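Protein chains: 2
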Amino acid sequence: MRTALCDAFGIDYPIFAFTPSEHVAAAVSRAGGLGVLGCVRFNDAEELDKALTWMDDNTDGKPYGVDVVMPMKIPTEGTSTDLSSYIPEDHKKWVDETLLKLGVPPLPEGEGREGVLGWLHSMARSHVDVALQHRPVLIANALGTPPVDVIEQCHAAGLKVAALAGAPKHAVSHVANGVDIIVAQGYEAGGHTGEIASMVLTPDIVDAVGQDVPVLGAGGIGSGRQIAASLALGAQGVWTGSIWLGTEEYRNLAGNQGWETAFLRATSSDTVRTRIYTGKPARLLKTKWTEAWADEDAPAPLPMPLQNLLVADAHNRINASGDPDVISMPVGQIVGRMNEVRPVAEVMADLVAEFEATVKKLDGIAGI
Amino acid sequence: MRTALCDAFGIDYPIFAFTPSEHVAAAVSRAGGLGVLGCVRFNDAEELDKALTWMDDNTDGKPYGVDVVMPMKIPTEGTSTDLSSYIPEDHKKWVDETLLKLGVPPLPEGEGREGVLGWLHSMARSHVDVALQHRPVLIANALGTPPVDVIEQCHAAGLKVAALAGAPKHAVSHVANGVDIIVAQGYEAGGHTGEIASMVLTPDIVDAVGQDVPVLGAGGIGSGRQIAASLALGAQGVWTGSIWLGTEEYRNLAGNQGWETAFLRATSSDTVRTRIYTGKPARLLKTKWTEAWADEDAPAPLPMPLQNLLVADAHNRINASGDPDVISMPVGQIVGRMNEVRPVAEVMADLVAEFEATVKKLDGIAGI
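So the sequences go chain by chain: C and B. Under this note's numbering, the very last position in the first sequence is 1193; numbers go up by exactly one each time. Under this note's numbering, the very last position in the second sequence is 1193; numbers go up by exactly one each time.
Here chain C stands alone, though its shape is the one from the complex (with noise of 0.2 Å):
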């Protein structure tokens, strides 16, 4: 499995893989992809600055990425402090009383930690400074065109940049701004996500941008077949995320066991693309807690950075108590296919084999 992209990096397979861990983005670049790691939950620069160098002692001199949240419309800045008085009290009280109502017990006395900060530009911005003191080879931008001097920042330390776009407009957009790779994020894609399944969005970004940006399929990926159908519509690679949730590497940074047994018995038809995360339409597996705020007397979701403030300290709590049940997580349709933990080399390993016999079964078929 060989596209322009793997010279380009210098990877054995065009398999790109989203992930929160540093252990599973390792594991990913080890077994020949391109890990790339998510830096939203780091509120705190060392900390991240920590992540990348445990990442360049363990990838044994392969390449990877990191994954920014850069809005390129700067929403509401502010420390969580200060931004906590733009959020309305009847918000606050609904979160209280539907915890309450789940049976989600506070967290005990000194524990949980900040809102989510990562979505904040200046701290997306700090973030990419810390990587830039590292070796990654991509930034990507998990929220539309990053601003352009932080692209050229990027391309003068010699990385590539990339960018997730849910409609063609918006890929072109990118590539205006001087955005090097596409991450076509399709309807059924985990996380934020626009309302074209990759079907048609994968060809339409691929058209859109012309042949010489490069385009990877993104949502709906957890399988050989998968890979298959998203290069079949154009793509030269693949944007992974939910599958390595489902990953032994992943049960360092998941905490507890509700995630698994949640994910475990989650089908297709279990997520929901809604605002109650960011502020941003997401999909997110649905629990009592997506469906406590479908409800009649839910509030609306406040605009992002907000929404993400409101509920961060509900998300502590809910993860503490690790109720699958309740559980708040981004995860896409594939989802359904995620049914055993299993090593992130036995999982590459796998999807390399399944896309050569997929291959090999499209020649039978076309009479090749």
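Possibly wrong hints are sitting among the right ones.
As the list claims (entries may be wrong) - Beta-carbon label-pair distances, calculated as ranges:
1) A1001(B) / N1164(C): 41 to 51 Å
2) Y911(C) / E1116(B): 23 to 33 Å
3) K926(C) / P933(B): 50 to 60 Å
Keep in mind the hints are simulated off the structure, nothing from the lab. Just so we're clear, the structure is a prediction, and the values are computed from it rather than from any experiment. Virtual Cβ for every residue (Gly too), placed ideally from N, Cα, C.
We have chain C already, so just place chain B on it with the hints.
Below, chain B alone, put in the same frame as chain C:
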């Protein structure tokens, strides 16, 4: 492009084409695919009989299919006059006022036709009876499992039965009731559709029903690249619909230029999944009509079959006006690719040629 379905049906390509036009269906069958005539628009059994007689005479002896709409759970039955009494006056008033706001004129005195009764169970049964007087090779049900006695009736006449499924559990239930072929209808499809996109749904259904049951991939398929993707996902053929609206043969049915203008300019972002057409979620072109129903002041859509009766006259008026800004048209996200009107035979030839070129490209990537 040959799979086992080609032998089962005596067709050259496993490309199934759903269309309400006998002219399109016959042209697809003549070009080596399987044209499937949608019956829902025929209120009158004699009208359908005439269309099928025309198809018998204009398919060069090639096989064709018919598609009926037969919900397994029988909804409210009766004549359109009886059923009208279930429709709230406020709904009727809102529709009238909305048409006035959108500038849709009333029909000339004496024109217009009765609401579409094809959504009624009794009407769908009469469609099957009429079809069996002709020579279809396939009866498809666009809405769930057909009643078991209808499946047996078709099997006794030597026909295969297909049914649409938007989730693996529905596919498994179809097969348990005797359905021969599953149409995996992805989120991106036009008309009635579920939440799971083709990239995930097709392999989910293929694996759920097992290798003895052929699956057709449906939703988002309008090019040879998309056929290759669908077959890579495990489908034995594809079920297409929207793209045939963009053919010269369809002009026999369309009646005015409004439709063409509307879909030629639409992008893949210009559809919406809504209950306003039939009472069940279906994907339509996004127009001022669908936007009006999304307004806060709009009433909630009624259940099937009442919603279609409520809007039937509005659809007649909108279609007669031919205003592309208001048109009410079921269509999939592939509408973004329908940018010129061509003969059916030319579309078919392109699908086959691009499929072959795509498989050769995948061979290069796989190093075969």
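Flag every earlier hint the structure violates by its number, smallest first. 1
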